[in-house]
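S.K.: According to full-length UniProt numbering, the stretch in the sequence shown is residues 1 to 591, in order.
Please note: incorrect hints may appear among the correct ones.
[Claimed, not checked] Derived BS3-like pairs: lysine-lysine, alpha-carbon spacing no greater than 27 angstroms straight-line: (1) Lys339 / Lys367; (2) Lys292 / Lys266; (3) Lys279 / Lys368; (4) Lys414 / Lys213; (5) Lys118 / Lys150; (6) Lys368 / Lys488; (7) Lys237 / Lys366; (8) Lys150 / Lys254; (9) Lys325 / Lys339; (10) Lys140 / Lys189; (11) Lys318 / Lys292; (12) Lys366 / Lys325; (13) Lys215 / Lys254; (14) Lys337 / Lys325; (15) Lys367 / Lys107; (16) Lys478 / Lys500; (17) Lys184 / Lys143; (18) Lys367 / Lys325; (19) Lys498 / Lys478; (20) Lys184 / Lys279; (21) Lys266 / Lys368; (22) Lys464 / Lys488; (23) Lys318 / Lys266; (24) Lys279 / Lys325; (25) Lys279 / Lys339; (26) Lys475 / Lys566; (27) Lys189 / Lys488; (28) Lys366 / Lys566; (29) Lys184 / Lys150; (30) Lys292 / Lys140; (31) Lys340 / Lys254; (32) Lys464 / Lys426; (33) Lys367 / Lys189; (34) Lys254 / Lys184; (35) Lys266 / Lys215; (36) Lys366 / Lys207; (37) Lys71 / Lys189; (38) Lys279 / Lys366; (39) Lys266 / Lys279; (40) Lys366 / Lys478.
These are calculated hints, taken from the structure and not from any lab test.
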Amino acid sequence: MKTPNQYLLEARRCVDEFQQIELLTDLNWDEVEHLWYLSIRICNTNEERSVFLNSVWYVTFEDIFPAGKIKIFPAVNGGIIDTFYHQSNNGVISENGLWRRGDVCLKDSLEYMADINKEPSNFMDRIYWNIKRLLEWVDKAEKNCLVTNKDRFELPDIRESYNIDIIFNEDEISYMQWEDSGAKSGIVKLKYGGNRQYFVETFWSLKNNICVKNKWGGYVNGLNDDSITGIWIILDKIPVINIWQVPNTIAELKNILEQNGISWEKDIMQLFDRIRDGKRHPFLIGFPIPEKFFGENRNYHWWSWVLPVLSYGNKVHKGFRVAKKGWHLRDYDLLNKVKKLEWSYSHNWNQRQILNRGMFERDVVKKKYAIIGAGAIGAMISELLVRSGIYRLLIIDGDIISVGNLSRHTLTIKDTNHAKVIGLKKHLESINSHVHVEIVNEYLSYNNLDILTSCDVIIDCTAKDIVIDVLSKIKVEKTIFSVSVGFKAERLYFVYYKGKEFNETMFSQQIVELIEKDKQKMDIEQLPWDGVGCWNPVFPAMEYDMYMAASIAVEMITKLINNCSKRIYTCVFEKKYDRDGMLIGYEKICK
Numbered sequence: 001m002k003t004p005n006q007y008l009l010e011a012r013r014c015v016d017e018f019q020q021i022e023l024l025t026d027l028n029w030d031e032v033e034h035l036w037y038l039s040i041r042i043c044n045t046n047e048e049r050s051v052f053l054n055s056v057w058y059v060t061f062e063d064i065f066p067a068g069k070i071k072i073f074p075a076v077n078g079g080i081i082d083t084f085y086h087q088s089n090n091g092v093i094s095e096n097g098l099w100r101r102g103d104v105c106l107k108d109s110l111e112y113m114a115d116i117n118k119e120p121s122n123f124m125d126r127i128y129w130n131i132k133r134l135l136e137w138v139d140k141a142e143k144n145c146l147v148t149n150k151d152r153f154e155l156p157d158i159r160e161s162y163n164i165d166i167i168f169n170e171d172e173i174s175y176m177q178w179e180d181s182g183a184k185s186g187i188v189k190l191k192y193g194g195n196r197q198y199f200v201e202t203f204w205s206l207k208n209n210i211c212v213k214n215k216w217g218g219y220v221n222g223l224n225d226d227s228i229t230g231i232w233i234i235l236d237k238i239p240v241i242n243i244w245q246v247p248n249t250i251a252e253l254k255n256i257l258e259q260n261g262i263s264w265e266k267d268i269m270q271l272f273d274r275i276r277d278g279k280r281h282p283f284l285i286g287f288p289i290p291e292k293f294f295g296e297n298r299n300y301h302w303w304s305w306v307l308p309v310l311s312y313g314n315k316v317h318k319g320f321r322v323a324k325k326g327w328h329l330r331d332y333d334l335l336n337k338v339k340k341l342e343w344s345y346s347h348n349w350n351q352r353q354i355l356n357r358g359m360f361e362r363d364v365v366k367k368k369y370a371i372i373g374a375g376a377i378g379a380m381i382s383e384l385l386v387r388s389g390i391y392r393l394l395i396i397d398g399d400i401i402s403v404g405n406l407s408r409h410t411l412t413i414k415d416t417n418h419a420k421v422i423g424l425k426k427h428l429e430s431i432n433s434h435v436h437v438e439i440v441n442e443y444l445s446y447n448n449l450d451i452l453t454s455c456d457v458i459i460d461c462t463a464k465d466i467v468i469d470v471l472s473k474i475k476v477e478k479t480i481f482s483v484s485v486g487f488k489a490e491r492l493y494f495v496y497y498k499g500k501e502f503n504e505t506m507f508s509q510q511i512v513e514l515i516e517k518d519k520q521k522m523d524i525e526q527l528p529w530d531g532v533g534c535w536n537p538v539f540p541a542m543e544y545d546m547y548m549a550a551s552i553a554v555e556m557i558t559k560l561i562n563n564c565s566k567r568i569y570t571c572v573f574e575k576k577y578d579r580d581g582m583l584i585g586y587e588k589i590c591k
């Protein structure tokens, strides 16, 4: 017979310290779930008629206690049935039949980021802390204050069992489009993106009108035309039962739809008739959600479950001819046998959703950027821009990527012997599904200067005098930056100009003198060579040097774009070291 370790035996004694708690079952080992458990009853609550009064709970521990997780579940017999906020789906029963799967979330939302109100690691305190947090959760649930209008909205726990990702793009604008369309159901086209990902393209009504079209960038638009068809319905509110539980069965979903005035036999079956082809199809359910609990709705969200293969061809109900009635009756029996909903994963990849960890301000994001030079510094600046929300770029360079470039470039071996701009376009568009990158596989010259017409911001990363001269021919107002590094990337040269007369005079005399000093250091004898017999010396600098320079340049670029009052700004940053030769950082040495 399995026995608990000494840590668990000692820590479990804390249960006796709670006056509100009665121990029902002492430590037992469950062979089905492979967990230790004890059961408790809450015998005293603040509300006399509370559903939590005399409710039974199971506290579970992993065999590696004091390590491992501690979870608390409602009991099947004597436990709560409803699902509350900050609780997993309580409509599912564990395989051992003892408890429901609705474990309560007892952790602070900031614990994972800042260790705020963190669960103690000391084995004597862990069980006490979890039971204490359970009682606090119960108290809030009784007072109906588990969430407030200051809390960010959280979707209820959904039990995904079909391993595909349905990816959509919804925001305030598409919310208004949905409101204007008036459609409540229809057909949806999705494009397969590999890696089990399906991107929503277009929602169609049953009258074959476009309701909403999801906009994507070059990555999704460039995918092979491998589309699938699904069906969709929209509800006026989130489809939950038992307070905050996502439906787990087809019967539960039917009841929700009927409460929303949607008939399974009439409304849903006519959707099924659009996808009778012997394949499985996603069924998307949309509903509006707010930014914060109890606030105004901001955008639509979609859940998706995958239908079994519906009746088609001669697969009809026994005794019926090949017709809709025979299909409908067979589907009715089929779905009654299936019972469980196979929820798939679904994600809103709207720009603001996927960049909520950090995104540039709107004035920066809305502009179109030209990057002249797809070398190391240009590639790094491009990537930093894209990862923070820039989605329209033009990249200009006529060079190809060689294996020597890879020591400090964002591209990889598979890109060698191909144009830098082609590899960079593919790379940048794969970072963010909203990014559009145009490319020109040529060097900037007087003959192709008009390609910059559509760009708001021009960033020269070539460090070539000829490019400065070409840019001086632009006679319409543009925001222009020149970014380059000195010998071994010890210095960063930065120039900003907003106007119609960009030229070499924007570079101060002090900057010119520093550049000349760098050139003098680049004695041809001291530079590394790009392979045996190669005539071309290469510029020495480590990748981390280039990333440091690129990061500072991007911060300067975004700050100056936001500060519209400045017309000219130039400066030089230089790396500084302490007495031990350890890097302190960059210091601005002139402007």
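S.K.: Compare the distance between the alpha carbons of Lys475 and Lys566 with 27 angstroms, and conclude whether the hinted pair is satisfied.
M.R.: holds (19 angstroms)
S.K.: Could you grab the alpha-carbon distance between Lys237 and Lys366 and see if it respects the 27 angstroms cut-off?
M.R.: violated (33 angstroms)
S.K.: Against the 27 angstroms threshold, does the CA-CA distance of Lys368 and Lys488 hold or violate the hint?
M.R.: violated (31 angstroms)
S.K.: Check whether the Cα positions of Lys292 and Lys140 lie no farther apart than 27 angstroms.
M.R.: Measuring from Cα to Cα gives roughly 18 angstroms; hence the hint holds.
S.K.: Would you check the hint for Lys71 and Lys189, treating anything up to 27 angstroms between C-alpha atoms as holding?
M.R.: With Cα atoms ~41 angstroms apart, Lys71 and Lys189 exceed 27 angstroms; violated.
S.K.: Below or equal to 27 angstroms on CA atoms is what counts here, so check Lys254 against Lys184.
M.R.: holds (16 angstroms)
S.K.: Need the status of pair Lys366, Lys207: alpha-carbon distance at most 27 angstroms?
M.R.: violated (35 angstroms)
S.K.: What's the verdict on Lys150 and Lys254, does the C-alpha distance respect the 27 angstroms limit or exceed it?
M.R.: Distance of about 33 angstroms is beyond 27 angstroms: violated.
S.K.: Run the distance test for Lys337 versus Lys325: straight-line Cα separation, threshold 27 angstroms.
M.R.: holds (19 angstroms)
S.K.: Is the hinted pair Lys318 and Lys266 satisfied, with a Cα-Cα distance of at most 27 angstroms?
M.R.: Judged against 27 angstroms, a Cα distance of about 21 angstroms means the pair holds.
S.K.: CA of Lys340 to CA of Lys254, is that 27 angstroms or under?
M.R.: With Cα atoms ~12 angstroms apart, Lys340 and Lys254 stay inside 27 angstroms; holds.
S.K.: Taken at face value, is the distance from the CA of Lys368 to the CA of Lys279 at most 27 angstroms?
M.R.: Violated, at roughly 43 angstroms.
Hint violations for this structure: numbers 1, 2, 3, 4, 6, 7, 8, 10, 11, 12, 13, 15, 17, 18, 21, 27, 29, 33, 35, 36, 37 and 38, all remaining hints satisfied.
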